[in-house]
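2 protein chains.
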Amino acid sequence: MFVIKIGGNIIDDETKLASFIKAFSLIDGKKILVHGGGKLATKLADQLGINQQLIDGRRITDAETLKIVTMVYAGFINKNIVAQLQSQSCNAIGLCGADANIIIAHKRNHATIDYGFVGDVDTVNTSFLKNLLDQNIAIVLAPITHNNEGQLLNTNADTIAQEIAKALSKLFEVSLIYSFEKSGVLKNADDDNSVISTINEISYQTLKEEKIIFAGMIPKLDNAFTALNSGVHKVIIGKAENLQALIEGNSGTTINK
Amino acid sequence: MFVIKIGGNIIDDETKLASFIKAFSLIDGKKILVHGGGKLATKLADQLGINQQLIDGRRITDAETLKIVTMVYAGFINKNIVAQLQSQSCNAIGLCGADANIIIAHKRNHATIDYGFVGDVDTVNTSFLKNLLDQNIAIVLAPITHNNEGQLLNTNADTIAQEIAKALSKLFEVSLIYSFEKSGVLKNADDDNSVISTINEISYQTLKEEKIIFAGMIPKLDNAFTALNSGVHKVIIGKAENLQALIEGNSGTTINK
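Top to bottom, those sequences are chains S and W. Per this note's numbering, residue 1 is the first one in the first sequence, and the count goes up by one each step. Per this note's numbering, residue 258 is the first one in the second sequence, and the count goes up by one each step.
Extracted from the complex, chain S is given alone in its bound form (with noise of 0.2 angstroms):
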């Protein structure tokens, strides 16, 4: 089965949404899309004169950013994804983690820094996530836990596709794919030609100490390792746009231990 990730740029991109949107559709068998939407609730935040905070990619969130990204992840773009699926025959449910408790997590505790409703991951629903996978339905998943006490709780969206993977991996052979604007891991980040075919984890130390790899691509592929190192068969990151070529693994980076 697969368990991927889009990129905030694409879901800003109607056209190229659209057209992942298409592709998953057509993925033959168990499916889940896991998608965040960084910029447009860091636009409604503009809007509404709402201060927005990220510390090392990781959004701090008030309680005021906690409802724009639960309206703007689990509401707008959540059900619009959903709808857009549904209009390609792929029957889809969007959901986020407090759904049939999907994903419990805690409020991150953190020595020097206060993330707010920030949520890390603590337990997996696979049981039901199983229940739909195996009625042909796919999931899509906003990055929205919650820790069974009332509160909502935001989640790195590529910290929800490593968690569901991990997980998943326990009952099915679960490729994970981060997609986004990007041909890969790059070498020059301005140049998309600069793929970098295979990373494994010792050429990974290596390219963060060069600082090839930097900012936001860090915890992407600190999750890819971790995935890797509990059981989830495949880590794959690469556009969008070429999903397709990305499932028959002839696009993107692979991530081997």
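These are calculated hints, taken from the structure and not from any lab test. What you are looking at is a predicted structure, and each value in this text was computed from that prediction instead of being measured. Treat the hints with care, since some could be wrong.
[Said to hold, decoys possible] Under the rule of at most 20 angstroms between Cα atoms (straight-line distance), these lysine to aspartate or glutamate pairs were calculated in the EDC-like manner:
no.	chain 1	residue 1	chain 2	residue 2
1	W	K387	S	D134
2	S	K43	W	E406
3	S	K182	S	D12
4	S	K182	S	D222
5	W	K279	S	E149
6	W	K296	S	E149
7	W	K300	S	E210
8	W	K296	W	E505
9	S	K22	W	D448
[Said to hold, decoys possible] Estimated spans, in silico, between C-beta atoms of each pair:
no.	chain 1	residue 1	chain 2	residue 2	range
10	W	D303	S	N131	39 to 45 angstroms
11	W	E271	S	Q135	48 to 54 angstroms
12	S	N131	W	S460	45 to 51 angstroms
13	S	K39	W	I370	49 to 55 angstroms
No residue lacks a Cβ here, since even glycine has one placed at the ideal position from N, Cα and C.
Since chain S is already given, all that's left is putting chain W on it; use the hints.
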């Protein structure tokens, strides 16, 4: 089983909502909660400078307004209710009509008024709802539907509750409860003690002619009679704070054929 609509004024009141959610979580058996959230959507539209127009209590839904109601109804309100139910040990799932094709609708075609992206219901996917109810999962429904061609549509929450109750009447004995801020249908809108304990089709006509029943109460009662004429066992209208008494038939207005 129970299909319970919760009115917007309760949703706007944090204390009343928490108390309603607790009462809902304690209901034995199969249950569906249908919510709207009009005031929050109107407030957000005001903050964003988007003009809102209502005709006979129905919101005219242009593209920007559809975005707002999708965010507020299917995102913020829906997921917060689900998280609060989970905290009361009531396993719940938050959905809109696009999810698993629960409710397919078409864009309203009206001779003189362009309602915009407003949907009138065509079909309800009872087998998927039954599957969830049989797993003892409470369903929380946001009043957003879709046309199966990729378009989300805004649908009156009272109508959703009615259509769901009608459709499920083929499988279950369904009680439909409209709960809101008043104690029932009132003789005098300003006197919460003037509850009309029962209304039938004949008295309804008189009450309308005498303008005792008017405005937003008319679609509510129209829906109630349509539901009864389509197999729904019982329709009760009353105060959300009295949910337990409403279920037991000790409060509110009971609608008979």
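Taking the hints in turn, this is what the structure says about them:
Straight-line distance between C-alpha atoms of K387/W and D134/S comes to about 16 angstroms, which keeps the hinted pair within the 20 angstroms bound. Of the pairs offered as hints, the one joining K43/S and E406/W is violated, with about 27 angstroms between alpha carbons and a cut-off of 20 angstroms exceeded. With a C-alpha separation of about 14 angstroms, the suggested pair K182/S and D12/S falls inside the 20 angstroms cut-off, and the hint holds. Straight-line distance between C-alpha atoms of K182/S and D222/S comes to about 18 angstroms, which keeps the hinted pair within the 20 angstroms bound.
Between K279/W and E149/S, the direct Cα distance comes to roughly 13 angstroms. Compliance with the 20 angstroms bound is thereby established for this hinted pair. Taken as a hint, the K296/W and E149/S pair is broken in the structure, with Cα atoms around 26 angstroms apart against an allowance of 20 angstroms. As the CA atoms of K300/W and E210/S are separated by approximately 50 angstroms, the hinted pair breaks the 20 angstroms bound. For the hint linking K296/W to E505/W, the alpha-carbon distance of about 30 angstroms lies beyond 20 angstroms, and the restraint is violated.
Among the hinted pairs, K22/S with D448/W is inconsistent with the structure: their alpha-carbon atoms are about 56 angstroms apart, more than 20 angstroms. Checking the proposed 39 to 45 angstroms range against D303/W and N131/S shows it holds: the Cβ atoms sit about 42 angstroms from each other. Checking the proposed 48 to 54 angstroms range against E271/W and Q135/S shows it is violated: the Cβ atoms sit about 36 angstroms from each other. At about 47 angstroms, the beta-carbon gap between N131/S and S460/W stays in the expected band of 45 to 51 angstroms.
Between K39/S and I370/W the Cβ separation comes to about 35 angstroms, which falls outside the hinted range of 49 to 55 angstroms.
Hints 2, 6, 7, 8, 9, 11, 13, counting from the list given before, are not met by this structure.
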